[in-house]
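With the hints as a guide, dock the two chains, each given alone in a separate frame, to form the complex.
From first to last, the protein sequence lines are chains Z and A.
Here the first sequence is numbered in the working numbering, starting from 251 and rising by one per residue.
Here the second sequence is numbered in the working numbering, starting from 1390 and rising by one per residue.
Derived from the structure by calculation, the hints contain no laboratory data.
Careful, some of the hints might be misleading.
As the list claims (entries may be wrong) - Pairs of lysine-lysine residues, derived as BS3-like cross-links and limited to a Cα-Cα distance of at most 30 Å, are as follows:
#	chain 1	residue 1	chain 2	residue 2
1	Z	K320	Z	K364
2	A	K1442	A	K1459
3	A	K1459	A	K1446
4	A	K1446	Z	K364
5	A	K1400	Z	K266
6	A	K1446	Z	K266
7	Z	K364	Z	K288
8	A	K1400	A	K1446
9	Z	K320	Z	K253
Stated by the list, open to error - If we take Cβ atoms under 10 Å as the criterion, some of the chain A residues that face chain Z in the derived model are:
#	residue
10	T1394
11	Y1437
12	G1447
13	D1451
14	F1479
15	A1483
16	E1486
17	F1488
18	P1491
All figures in this text were calculated on a predicted structure; none of them were measured in a lab.
Note that CB positions come from ideal geometry on N, CA and C, so glycine has one too.
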Amino acid sequence: AQKVTQAQTEISVVEKEDVTLDCVYETRDTTYYLFWYKQPPSGELVFLIRRNSFDEQNEISGRYSWNFQKSTSSFNFTITASQVVDSAVYFCALSEAGNTGKLIFGQGTTLQVKP
Amino acid sequence: DAGITQSPRHKVTETGTPVTLRCHQTENHRYMYWYRQDPGHGLRLIHYSYGVKDTDKGEVSDGYSVSRSKTEDFLLTLESATSSQTSVYFCAIATGEQFFGPGTRLTVL
Chain Z
251 AQKVTQAQTE
261 ISVVEKEDVT
271 LDCVYETRDT
281 TYYLFWYKQP
291 PSGELVFLIR
301 RNSFDEQNEI
311 SGRYSWNFQK
321 STSSFNFTIT
331 ASQVVDSAVY
341 FCALSEAGNT
351 GKLIFGQGTT
361 LQVKP
Chain A
1390 DAGITQSPRH
1400 KVTETGTPVT
1410 LRCHQTENHR
1420 YMYWYRQDPG
1430 HGLRLIHYSY
1440 GVKDTDKGEV
1450 SDGYSVSRSK
1460 TEDFLLTLES
1470 ATSSQTSVYF
1480 CAIATGEQFF
1490 GPGTRLTVL
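If we strip away everything but chain A, and leave its shape as in the complex, we get (with noise of 0.2 Å):
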């Protein structure tokens, strides 16, 4: 068990609202990941970080903002959240591979 928890698990919200989903590792590992999984597309890397205050995009960002001010935190924001956001949100931290924490269904009605 790598130590990822994510929060919320499941979320409805409506479109145009902010939504922030949080990412807690107890590891102390400098590189964690935001993906979402679509049918069809596997999972797609949104945004990256690589420490403290140090983050990236990744091939799917637009729409989204991430935050990470501690290192065991890294939060994901919907800033006005649409319909082509339903997903499910997985975050992953890399020790050599990658593990991944158990994921948020997000439904934008």
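If we strip away everything but chain Z, and leave its shape as in the complex, we get (with noise of 0.2 Å):
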């Protein structure tokens, strides 16, 4: 069965820090995306990045990084000199391949970064 876990309910730093975000993943298919949703205060959920099981090279986005590693199937997620308006929760999600696209979801990542 696929699962995803994020070990880390809540996570808080100092403004100006560096922060990762851990996501372990399991699946059985050979071809699957991964993907990470941010969801600040307000409820939305905002797409920040989908990942395809054959591609692993590491991703950067200003100050976002992903680093995608197979071998431990991990896909953890940094951000480089933490803002307070970084402060949500964060998701990490799996898909199948094909058409369907259903995502499992980990349960979530609280990252609060006071200034």
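Set out below in structure tokens:
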């Protein structure tokens, strides 16, 4: 069965610190997709990234970076020089290959960035 | 903006009453989804649709039904609401990524 685990329930950092959010997944599919979403206090879900299982290159987008390692079934998310606006709940999700696109979500990590 | 709206945005109802939530998209996407979000569980799939009149169950489908008579609308119905269905409900469409609607906060008293 597919499963996503975000072991960190809550993380608190001080502004400008770097922070890494962990995501570990389980799947028997050889082709799959991994996602990160941000949910700010306003409640909407904001898409951050999608990565397919054949692309293990790390990705950087501004202060955000993602480390995908198939060997450890992990897809970790790092925020460099965190800011108060980064305070949110972050979800990692897994999707099977094919057209259905159903997402399996982790439990979410609440990040609090203090000024 | 993926053009997804949900209605109502907030609803309070009583146990045993039927409730229908509506998801509307303007993008003509084939795949639509209903998820519920609860503390400690992340989001869990309730039902999804892969076309008009084509729907299937997700992980937590008990107590819910869906209908899709038009491409743009996907309805979620709680036939007889229970307190355990108090949750935030999100609709989503798939375009490669999945984009989510703004959510509906449902409270069942």
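Taking the hints in turn, this is what the structure says about them:
Between K320 of chain Z and K364 of chain Z the CA atoms are separated by roughly 33 Å; this puts the pair beyond 30 Å, and the hint is violated. For the suggested pair K1442 of chain A and K1459 of chain A, the alpha carbons sit about 8 Å apart, so the restraint of at most 30 Å is met. With a C-alpha separation of about 19 Å, the suggested pairing of K1459 of chain A with K1446 of chain A holds against the 30 Å cut-off. With a C-alpha separation of about 41 Å, the suggested pair K1446 of chain A and K364 of chain Z falls outside the 30 Å cut-off, and the hint is violated.
The suggested pairing of K1400 of chain A with K266 of chain Z is violated, with an alpha-carbon distance near 40 Å, which exceeds 30 Å. With a CA separation close to 44 Å, the supplied pair K1446 of chain A and K266 of chain Z exceeds the 30 Å bound. Under the criterion of a C-alpha separation no larger than 30 Å, the hint pairing K364 of chain Z with K288 of chain Z is consistent with the structure, at around 18 Å. For the suggested pair K1400 of chain A and K1446 of chain A, the alpha carbons sit about 24 Å apart, so the restraint of at most 30 Å is met.
About 15 Å separates the Cα atoms of K320 of chain Z and K253 of chain Z, which keeps this hinted pair within 30 Å; it holds. At its closest, the beta carbon of T1394 of chain A sits 12 Å from a beta carbon of chain Z; the interface hint therefore is violated under the 10 Å criterion. With a cut of 10 Å, the hint placing Y1437 of chain A at the interface with chain Z holds, because the nearest CB-to-CB distance is about 6 Å. Using the Cβ-Cβ criterion of 10 Å, the hint placing G1447 of chain A at the interface with chain Z is satisfied: the shortest such distance is roughly 7 Å.
The restraint placing D1451 of chain A at the interface with chain Z is violated, with a minimum CB-CB distance near 17 Å, outside the 10 Å limit. For F1479 of chain A, the interface hint holds, the least distance from its beta-carbon to any beta-carbon of chain Z being 7 Å, beneath 10 Å. A hinted interface residue such as A1483 of chain A counts as satisfied when its beta carbon comes closer than 10 Å to some beta carbon of chain Z; here the least separation is about 4 Å, so the hint holds. The interface hint given for E1486 of chain A is met, as the beta carbon of that residue sits about 5 Å from the closest beta carbon of chain Z, less than 10 Å.
A cut of 10 Å between beta carbons decides the hint on F1488 of chain A: the least distance to chain Z is about 6 Å, and the hint holds. For P1491 of chain A, the interface hint holds, the least distance from its beta-carbon to any beta-carbon of chain Z being 6 Å, beneath 10 Å.
Comparing the model with each earlier hint shows violations of hints 1, 4, 5, 6, 10, 13; every other hint is respected.
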